Amino acid sequence: MRRKYTLALLACLGLSTLPALADDSTEALARTCNNCHGVNGVSAGGAMPSLGGQSEAYLKHIMLEWKSGERAAASMNRLIKGYSDEQIAGLAKYFAAKPWTPNTQKASADVMARGKDVTDKCETCHGATGGQPDDETIPRLNGQSAMFMHLELDKYRDEAFLMTHKKMIKSARKMEEGDVGIAAKYYGNQSK
Amino acid sequence: MSQINRRDFIKAIAAASSASVLTIPSAHAGHTKGRVVVVGGGYGGATAAKYLRMMDGGIDVTLIEANTSYTSCPLSNEVVSGERDIKTLQVGYDGLKKHGVNVVHDWVTGVDTTKKVVSTKGGKTFAYDALILSPGVEFAYGAVEGYTEELANTSLPHAWKAGPQTLMLKKQLEAMPDGGKFIIAVPPGPFRCPPGPYERAAQVAYYCKTHGKAKSKILILDSNDSFSKKPLFEQAWKALYDGMIEWVPGASDGKVIKVDAKTKTCFTNFGEHQGDVVNIIPPHHAGKVAKDLGLATFKDKWCEVKPESMESKGQKDIYVIGDSCVGGELATNNGFPKSAHMAMTQAKVAVGAIIAKMNGLPLPVPYYVNTCYSVVAPDWGFSVVHVYRVENNAWVYVKEASGISPVTMPDKSPVPKLYRKLEAEYADGWLRNVLADAFA
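Keeping their order, the protein sequence lines are chains H and V.
1 is the number of the first residue of the first sequence in this note's numbering; add one for each residue after it.
1 is the number of the first residue of the second sequence in this note's numbering; add one for each residue after it.
Hints may contain errors.
Think about it this way: if two alpha-carbon atoms lie no more than 27 Å apart in a straight line, the pair counts; the simulated BS3-like pairs of lysine-lysine are [said to hold, decoys possible]: (1) H:Lys-166 - V:Lys-421; (2) V:Lys-262 - V:Lys-181; (3) V:Lys-417 - H:Lys-174.
Pair by pair, the computed Cβ-Cβ distance ranges are [as the list claims (entries may be wrong)]: (4) H:Asp-24 - V:Lys-209: 50 to 56 Å; (5) V:Ser-413 - H:Gly-178: 25 to 31 Å; (6) H:Gln-132 - V:Ala-66: 49 to 55 Å; (7) V:Val-407 - H:Lys-174: 31 to 37 Å; (8) H:Leu-162 - V:Ala-239: 20 to 26 Å; (9) V:Thr-154 - H:Ala-57: 57 to 63 Å; (10) V:Asn-392 - H:Glu-70: 30 to 36 Å; (11) V:Asn-392 - H:Leu-162: 34 to 40 Å; (12) H:Asp-24 - V:Glu-145: 53 to 59 Å; (13) H:Ala-97 - V:Gly-110: 43 to 49 Å.
None of these hints come from the bench; they were simulated from the model.
Only a predicted model underlies this, so the values are computations on that prediction, with no experimental measurement involved.
Where a beta carbon is used, it is the ideal one built from N, C-alpha and C, also for glycine.
Produce the entire structure from the sequences given, and follow the hints as far as they go.
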């Protein structure tokens, strides 16, 4: 205990003896992900999703599916082939250990009211606000980038785009065209 | 017991905070593990400065940059076409200051590598234990006869450094009549932003097509015989702007060697081309500060660095990152592209190496990645990805992970439009995130 406090005290004085972050190989690799997905996997928005705090199983699964070609992607399917399954597992573990940091994006009262209705079916797996995934293979949606979620739904809805999650494909294709953006904005607005 | 400790600890912190206010006038007077000076506040330099501070608060970091705000070159072609506000490309240095970076707006005038001191135009000196150079590129105006820096700033903007020249080029495009000719002269590679000239051609064509100027022509006079993402550009040009864009390779007398500013005429070895807008991208090389230090050992233009650390091959404790450096013999064949993304991963490798050295730790594994998006219309983008490994102190281009977006699907069917739309949106998402990762 005393040692911990001493180290903390030294850190306050700018005299810490160890770097703030351990410099293992996964950490160094993860830093390259930060370019698009942010420090600790917290995205600055747009089409790039936050990764920090998604479950390890979800992150690992999606990366391995891109690598094998089972699942389509526009860019990540190429990039991910540069890394071993062990490196991918390491990255999944690294980002899963970070806190999920919702970025609550503005949405009008009308969008929120309609969003509640159109996401009725999503609730079973993702929870009412998208923040209570039913199991560890399901991603968190609360405060995820709305633009990213809109484009993900577009992927699920496009028959020419190879996606793997059958239930998700079915649900997304049942949605009305105009509801896609509303669902994305609804979850993007959620803080919890 | 622990409660007493905690209380003592809080008191100690309070004492320490007030003491630090009284006795340490700046972060630079204290005893630190080491001092790092970063020269150049673009994507590479900003990333290096931020990550040094973020990963090791015991290191003293000074960033020297002439300008008080930065304008991103990536996606600035969208400013030329009017599709993007230049403000979305601009960022200041307050984010870095919050990380404890000492940001100094000044020009570097010299580096004493023996005394390890950087001096500036403003008369200041900065001692360093490690020096990171991220100075971008310096343009060799004289390489195209008749072209000068003054012309670039007044009538023939190259707009290959985003800012006022980007806006000048936009105005010239707006003033161009329907049926006008927009000439882009491309320098010999390697140059900054390999797909940039061809993306610019597409953005200009998009502007013309959507502003009642569809009879206009874009002529690309190229010093080279091929270019980045060529099959993707040619496919998009044909699908979106059929007949508007003409590319003349070096082998077909495409290299511009002289320009006449008054008549807006470009001269090649055997021909001449007159345009309504003439956009000369002059040849360039490593930034002045790196070149003056004699670090540009590759063809007297680019700085060679060590793969494991980005440290200069010629000077100990000087790291060269970004557009100024070159990946060894890979310079023109799958070598490091001169891109923002590449500069940022290079910065992170240099930072990892410097922190390891200052803490007496072994060098971390270096990871080099590039992602580069080009946008040819609002719903049409594509990319190239590069992954490099370091093996036996040499870069290895990881072929299976790298390459361009699909031109056709594996069964030769057309690529679904959604792929192109996704990558156009990813370009914007990428911009927001790289600006945040480097500057916030």
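> Does the structure break any of the earlier hints, and which numbers would those be?
Replying inline: Structure breaks no hint.
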